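Colleague: Just need the whole structure built from these sequences, with the hints factored in.
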Amino acid sequence: MTKPLGFEKPLGMRDYLPDLLWKQRQIEEKLHRCMLHWGYQEILTPTLEYYDTVGEASATHDSKLFKLLDKQGRTLVLRPDVTAPIARVASSLLKDEPRPLRLMYNTNVFRAQEKEAGRNAEFTQAGVELIGDPSVEADAEVIALAVACLKEAGLEEFKIAIGHVGFIEGLLEEVVPEKSDRDQLKERLHNSDYVGFRQDIEALNISEDEKQRLRGILKLRGGATRLEDAEALTINGRARRAVRNLKELWAALQAYDVTDYVMFDLNLLSSLNYYTGILFEGYAANQGFPICGGGRYDDLFKQFGMDNPSTGFAIKMDRLIQSSDLQPTQEKKTIYIRFDQETRNLALKRAMLLRKEAIVVTGIGEPSQAFDQIIDFRGGHEDV
Amino acid sequence: MSKLTVAMPKGRIFEEAVELLRKAGLDIPPEFEDSRRLIIPVDEIGMDFILAKPTDVPTYVEYGVADIGVVGKDVLLEEERDVYELLDLKISYCRLSVAGLANWQPTDSPRVATKYPKVASKYFREKGAQVEVIKLNGSIELAPMIGLADRIVDIVSTGRTLKENGLVELEEIMPITSRLIANRVSYRMKSEAIDYVVEKFASVIPS
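Chains as they are written, first to last, in our numbering: chain A, 286 to 669; chain B, 1313 to 1519.
By construction, these hints were calculated from the structure, which means they are not laboratory data. Keep in mind the model is a prediction, meaning the values are calculated, not measured. It is possible that part of the hints are untrue.
Quick list of in silico lysine-lysine cross-link-like pairs, DSBU-like style, CA-CA up to 35 angstroms [what the hints assert, rightly or not]: (1) A:K496 <-> B:K1430; (2) B:K1439 <-> B:K1427; (3) A:K288 <-> B:K1447; (4) B:K1402 <-> A:K464; (5) B:K1315 <-> A:K504; (6) A:K294 <-> B:K1427; (7) B:K1512 <-> A:K471; (8) A:K464 <-> B:K1434; (9) A:K352 <-> B:K1427; (10) B:K1402 <-> A:K496; (11) B:K1430 <-> A:K352; (12) A:K504 <-> A:K464; (13) B:K1512 <-> A:K496; (14) A:K641 <-> A:K436; (15) B:K1365 <-> A:K294; (16) A:K532 <-> A:K380; (17) B:K1447 <-> A:K471; (18) A:K587 <-> A:K356; (19) A:K532 <-> B:K1315; (20) A:K349 <-> B:K1447; (21) B:K1315 <-> A:K471; (22) A:K349 <-> B:K1434; (23) A:K504 <-> B:K1402; (24) B:K1365 <-> A:K349; (25) A:K532 <-> B:K1512.
Modeller: Below, the structure is given as structure tokens:
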């Protein structure tokens, strides 16, 4: 192991320099205001949590958790997502608050990375949780809010793809008798391996008609008409209920007037396995990785001893900032006040006054950057 | 339709994939293959081709600098990138195999040389064998001949290279063909253009 050089950082850790951070702060403020106006209240949870509580409940893979030991030897984790800590708070400190509970957050999360650049190990997530509302109206609200946030953040071209865990699982239960076969097919979709999915279907001992239905799953990507195709593949039960659920969602999203930003993809399975119903992922043009993700998680609270069907989303701030066309604005006038020993009192007083309206830097030397105005107090008289 | 950026490996896979696209009726100019450029725009079909090293194709696609790509299943398995595997193009047939010297006998400390350390480790592990895997970047056949390893894991198409170096194929791990892959975001943002390419390819893939 070589000793790190002075400028090196641990893998996946980033510095945020002024220009970038300025843009991020402006976008964060817009998101904050947007969520606030939809009735969400901000919450902040600790950076460190117990492995046995939040670490367990989090869907982040064990190998991606940053772990450390406290003085008693208990394992701690650096918060790998925000949903699990919020579930912990909502089912303890906030357990008597009336439901539904609308909470939002904007904070950093930690996931250890093995591969190269482009994947941060510490990144900011902004998101919401709508807790204790099982209705499709809640799903629609959260998706519409995600669209509102992305628009607010200056994204022009983006899409939210919506899927449903119950559809894939229900249809597989209808058609494939063996659980091990179903798990394998799900694993294929999970890994985006459509070739393997089709190969596995061929090998199954089911009728050609049923194989045709399974192959049909791969075509269920596009507008609302795909829901009709999806319904035609189902007979009854869970998968059909899922399609009905999505149709109700679509109707609600039409009322929110966000359907231009929405498409269906019934093959969508998240890497987070706590989703239980509608789930979604957001994509921006010219950004190779998803920009946000979310969905319904009705079982997570059970790990904290409560029954609270919930839904929510998280936006990945670093990717949003890369994709946002928003130009950071500097609205305030900048002034440099130069003084000497004799004029210091006068100059610093003036600076305090001017700071109510402008950005004011004071100093005895040449200004080190460009200013809109320079006021020179030296020599006892004000030289503008 | 949106413009697509297509990553392809230079060489045999590229030639066979272009031939497939031509067969599917896409208007690709004939001087195309001779080019030494790394980025070749083909405005006739609204595509830019990036010519890359095979192992880099899934990387370009995962990061989204290429929307789609064509690459061997061997590379996909080794690279483990988060990309959509849309179609088996059934071109560039070969197989991933274990090979050794003709008189190979099991040893106490087995060593396997390969360009595919992840695939090789997984294969032997699932068979319940612990082997030491040595990563090489080329001329893998050398390893058993000069005593670096007792076996190799490599791509075999005709078996001629093995034979000429006194090696024999001991086990086939799996058959390999080239696959059409897509970036997670492009697959949704450029769904129309990608579906078009998928249909075109699908119409000419030998079944």
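Colleague: None of the hints should be skipped; say for each whether it holds.
Modeller: Hint check:
{"no.": "1", "hint": "A:K496 <-> B:K1430", "verdict": "holds (33 angstroms)"}
{"no.": "2", "hint": "B:K1439 <-> B:K1427", "verdict": "holds (20 angstroms)"}
{"no.": "3", "hint": "A:K288 <-> B:K1447", "verdict": "holds (26 angstroms)"}
{"no.": "4", "hint": "B:K1402 <-> A:K464", "verdict": "holds (30 angstroms)"}
{"no.": "5", "hint": "B:K1315 <-> A:K504", "verdict": "holds (22 angstroms)"}
{"no.": "6", "hint": "A:K294 <-> B:K1427", "verdict": "holds (31 angstroms)"}
{"no.": "7", "hint": "B:K1512 <-> A:K471", "verdict": "holds (27 angstroms)"}
{"no.": "8", "hint": "A:K464 <-> B:K1434", "verdict": "holds (24 angstroms)"}
{"no.": "9", "hint": "A:K352 <-> B:K1427", "verdict": "holds (33 angstroms)"}
{"no.": "10", "hint": "B:K1402 <-> A:K496", "verdict": "holds (21 angstroms)"}
{"no.": "11", "hint": "B:K1430 <-> A:K352", "verdict": "holds (26 angstroms)"}
{"no.": "12", "hint": "A:K504 <-> A:K464", "verdict": "holds (23 angstroms)"}
{"no.": "13", "hint": "B:K1512 <-> A:K496", "verdict": "holds (23 angstroms)"}
{"no.": "14", "hint": "A:K641 <-> A:K436", "verdict": "holds (32 angstroms)"}
{"no.": "15", "hint": "B:K1365 <-> A:K294", "verdict": "holds (30 angstroms)"}
{"no.": "16", "hint": "A:K532 <-> A:K380", "verdict": "holds (32 angstroms)"}
{"no.": "17", "hint": "B:K1447 <-> A:K471", "verdict": "holds (32 angstroms)"}
{"no.": "18", "hint": "A:K587 <-> A:K356", "verdict": "holds (29 angstroms)"}
{"no.": "19", "hint": "A:K532 <-> B:K1315", "verdict": "holds (32 angstroms)"}
{"no.": "20", "hint": "A:K349 <-> B:K1447", "verdict": "holds (26 angstroms)"}
{"no.": "21", "hint": "B:K1315 <-> A:K471", "verdict": "holds (32 angstroms)"}
{"no.": "22", "hint": "A:K349 <-> B:K1434", "verdict": "holds (21 angstroms)"}
{"no.": "23", "hint": "A:K504 <-> B:K1402", "verdict": "holds (21 angstroms)"}
{"no.": "24", "hint": "B:K1365 <-> A:K349", "verdict": "holds (29 angstroms)"}
{"no.": "25", "hint": "A:K532 <-> B:K1512", "verdict": "holds (32 angstroms)"}
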